[in-house]
Structures are given as structure tokens and as C-alpha cells.
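K.L.:
Okay, here's what each chain looks like letter by letter:
There are 2 protein chains.
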Amino acid sequence: MRVLVYGGRGALGGSIVDHFKAKNATVVNVDLHANEKADENIALDLSQDWTAQEAAVLAKLDGHFDGVFCVAGGWAGGNAAADDMVKNADLMWKQSVWSSAIAARIAAKHLKEGGLLQLTGAAPALGGTPGMMGYGMAKAAVQQLTKSLAEDGSGLPKGASVVALLPVTLDTPMNRKWMPKADFGTWTPLAWIAEHLEKWTTDAASRPANGALLKIVTEGGKTTTTEH
Amino acid sequence: MRVLVYGGRGALGGSIVDHFKAKNATVVNVDLHANEKADENIALDLSQDWTAQEAAVLAKLDGHFDGVFCVAGGWAGGNAAADDMVKNADLMWKQSVWSSAIAARIAAKHLKEGGLLQLTGAAPALGGTPGMMGYGMAKAAVQQLTKSLAEDGSGLPKGASVVALLPVTLDTPMNRKWMPKADFGTWTPLAWIAEHLEKWTTDAASRPANGALLKIVTEGGKTTTTEH
Numbered sequence: 016m017r018v019l020v021y022g023g024r025g026a027l028g029g030s031i032v033d034h035f036k037a038k039n040a041t042v043v044n045v046d047l048h049a050n051e052k053a054d055e056n057i058a059l060d061l062s063q064d065w066t067a068q069e070a071a072v073l074a075k076l077d078g079h080f081d082g083v084f085c086v087a088g089g090w091a092g093g094n095a096a097a098d099d100m101v102k103n104a105d106l107m108w109k110q111s112v113w114s115s116a117i118a119a120r121i122a123a124k125h126l127k128e129g130g131l132l133q134l135t136g137a138a139p140a141l142g143g144t145p146g147m148m149g150y151g152m153a154k155a156a157v158q159q160l161t162k163s164l165a166e167d168g169s170g171l172p173k174g175a176s177v178v179a180l181l182p183v184t185l186d187t188p189m190n191r192k193w194m195p196k197a198d199f200g201t202w203t204p205l206a207w208i209a210e211h212l213e214k215w216t217t218d219a220a221s222r223p224a225n226g227a228l229l230k231i232v233t234e235g236g237k238t239t240t241t242e243h
Numbered sequence: 016m017r018v019l020v021y022g023g024r025g026a027l028g029g030s031i032v033d034h035f036k037a038k039n040a041t042v043v044n045v046d047l048h049a050n051e052k053a054d055e056n057i058a059l060d061l062s063q064d065w066t067a068q069e070a071a072v073l074a075k076l077d078g079h080f081d082g083v084f085c086v087a088g089g090w091a092g093g094n095a096a097a098d099d100m101v102k103n104a105d106l107m108w109k110q111s112v113w114s115s116a117i118a119a120r121i122a123a124k125h126l127k128e129g130g131l132l133q134l135t136g137a138a139p140a141l142g143g144t145p146g147m148m149g150y151g152m153a154k155a156a157v158q159q160l161t162k163s164l165a166e167d168g169s170g171l172p173k174g175a176s177v178v179a180l181l182p183v184t185l186d187t188p189m190n191r192k193w194m195p196k197a198d199f200g201t202w203t204p205l206a207w208i209a210e211h212l213e214k215w216t217t218d219a220a221s222r223p224a225n226g227a228l229l230k231i232v233t234e235g236g237k238t239t240t241t242e243h
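Sequence order for the protein chains is A and B.
Heads up, the first sequence is in the working numbering, so the first residue is 16 and it goes up one at a time.
Heads up, the second sequence is in the working numbering, so the first residue is 16 and it goes up one at a time.
You may find that some hints are simply not true.
Just so you know, same-sequence chains aren't split out, so a pair can sit in one copy or run between any two.
Stated by the list, open to error - EDC-like, lysine to aspartate or glutamate: derived pairs with alpha carbons at most 16 Å apart:
1) LYS237 - GLU55
2) LYS109 - ASP64
3) LYS52 - GLU242
4) LYS237 - ASP167
5) LYS124 - ASP98
6) LYS127 - GLU242
7) LYS109 - GLU166
The hints are simulated quantities; they were obtained by calculation from the structure and are not laboratory data.
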């Protein structure tokens, strides 16, 4: 098994790298910084624009993957009256949409037939997000890209599936640091994501529907999903 | 009556400028080039990035508007297997999302209470658009922004409304040039858009629901709408 993790140095990405390494997979990490547990690291250069980043990543890749997982992203707020709304929208676009579109290009070129492409949306972006307009726009774009990738003529390999994960809040060290009084039982464990990505990669019959926006809700420590 | 047209030098924008001038409105055009029929022109500088364009436009504006209409945009195709997919997605983002977000910022600062903000989506982006992935992402972002702007806490003035127009094909000279054998009776006349923008601006009760994605369909020369 060989997989690529886009954002494999972050909290969620690192958890996915760990999980697949424990299953003896070969793991390629694409991120600003290396993850020493990965078998191969491709470093992104923030000074490059979208097409230059795409070209740099594609130039370093060969072979094929069973799964391509894009968990890069970030968060910033701002409504239309906020002076930093556009600045933050620009950052959100780069963090979520640049990465997702490049992951789609990687999948078109390097995913095996019947492989799995996973992108990352956000549950709130299924509706309006007045207090975080740039974040909502970027995630809505990723979610619409997921629908496009699932249709005939998308350019993905034959039999490939795409799914967008729409968590509410992930149980990361950073979230515990900034929201120490929250109910952690409502946060989705990173291991839940990693385990399901492995299951869906190895057992195509267990996958959500092709093109699903999978809303992931955790309550009382129990995680359930709904497809949108 | 005072209105701002973002993209007032294009085919649709020019039609809107003409219509509002015929109704004795004061019209401000924001575009790459001046529209001599407008009362005031604010020139965009394509060499500037998103935040610099925003700052340059906001620095040149004062007073308030009854309506802010954003009809800037463009079209480019490409699925995930297309070498120009990312390049085109970048262009679509700049043409549709930069303009829409700056229009939202203009509205937050310069729309009158109870005024109308109009953005431009695209009917196909309500679903997947595998052959035009960048276009679909950009329009999906504009459509989600419309939902955000309609909710409490969006930063728009009290009583303001926002609507996104989702045409299928507009009856423009360029479309007639490139699709000379199409059935023009299925294309929406530019005058339909201009007349309805004026009606909605002057008669708030006639407006679509706040936050509506208004799909505009023309058949046999007759234009109808559905709200999404």
C-alpha cells in the first residue's frame, strides 16, 4: 500500500502518517516541513504561486498511490465589516483550495484505478458562515470540487472515489490548548479519521458514496456520519 | 438613486449602466477600463493583489449607494486531468471571487440601510462541474458568500438584502459571436437583468428572499426564476 498525505506534518496529517506506517504502507508527505516518519517528503515553497507549487509537486512525484489524502488547511474569521476579511479569505483560499486542487491534479496523474481521493471541507460551510466568510468560501469551493471530481469526465482514474470530510471540531492538541474548557466528548478523535481512511482505501465497498460530503459529528465520545 | 456597478464595462455591466442612467441614477463604475456613460469610474489595477485592489477601491469611494451590483466574471474550463486546470482556477478566482468579496466590503461600508447587494453565481455550480472545475469552485464560493451575507452578523447595513443571480447563458454579443447557431430564445436578455435590478432596488417588497440564489432560465424567449 502506498499513500500520499498532503499536509502530513499537521496534527491530523501526522496522525494519518503514523497510522499508515503502522500498517506497513509507504507514505509520501507533502507539506511545508518534513515529517520524519514519512518515507518521502516533498517540501512546499510558500513563496511560489499556485501554478508554480503545482508544477514543483508534480515534478517530484512518480508511481501510483492507493490513496491521496488532503488534510491541509487552517482557520481565520471575519465578516464583511472586518478590515481583515479579504486578507483572511486570501489565506484560507491558499491553505484549503490550492492544496485541494493540487491534490486533485496528483490524483488525476498518480492515483491507481479504483483508488481513493480525500479532501477536507467543513460542516458549517454547508450553509452560510457570516462570521468567517473567507473560510466558508474556501470550504464551499472544496466541497463543490468534490462533486465535480465524482462526475463522469472529471479526469480521475477509472473506478476512483472521492470523499470530502466535514468535521465540526477535531480533537487536536492545539484545540485543547485554545479551548481548554470545551467538552472534548464532542470533538472527533484523529484516530477515527485515520482508521476510516485506511478502511476505505483497502475496502472499496466500505466507502461513502462517490462525491459524498461526509459530515462527521461526535457526541458523548461517539462519532457518526451523514452524507451530503 | 445612486448605484455602483462592479464590472460596468462588460456586456452585462454596460447594459446595467445604460439602464440606470436612463432612469437618472448616478452610476459609479469599477472596472479595468472606464465606461464613459458612468458618472464616475474607478480603475482596477490587475498588477495588484487582492488586498491592494480592495484598499485602492475603498480609498476612492465615499457616500452611500442604493444598490451595489457585481457582474464581473469570466469563463474557463478544465478537468483534473487538464494541464491548465490550476491556472484557469486561479483566473476564475480572481475574476469572480476577488470582485465579489470586494463588492461585499463596499456594501458593508457604503450601502444604504435597506439597500441591495447583487452578486453573480452560475446555475451549473449548484452541482458538480467536472469539465470546468475552477469556474465551478469560484461560483460555489460566491454562492456560499451570498448565504453568509444574508445571515445575522454579516456586517451588511441594517435591512440590506443580498441576491446572487445564476444565469445559464446570457444573450451577449460575444456569446452570439462564438455560438452563432445556438437557440437565442434560450438565452437571457441583458435588459431582463437590468430591469429587475432596478425594480428590486427601488421596491424592496419585490426582491427575492434575502440570500437567494436566483436561477434564471429562459425558454422560448420567456424568462423565469427559481430560488435556491
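K.L.:
Give me the numbers of the hints this structure contradicts, sorted from smallest to largest.
P.N.:
Hints 1, 3, 4, 6 and 7 not satisfied by this model.
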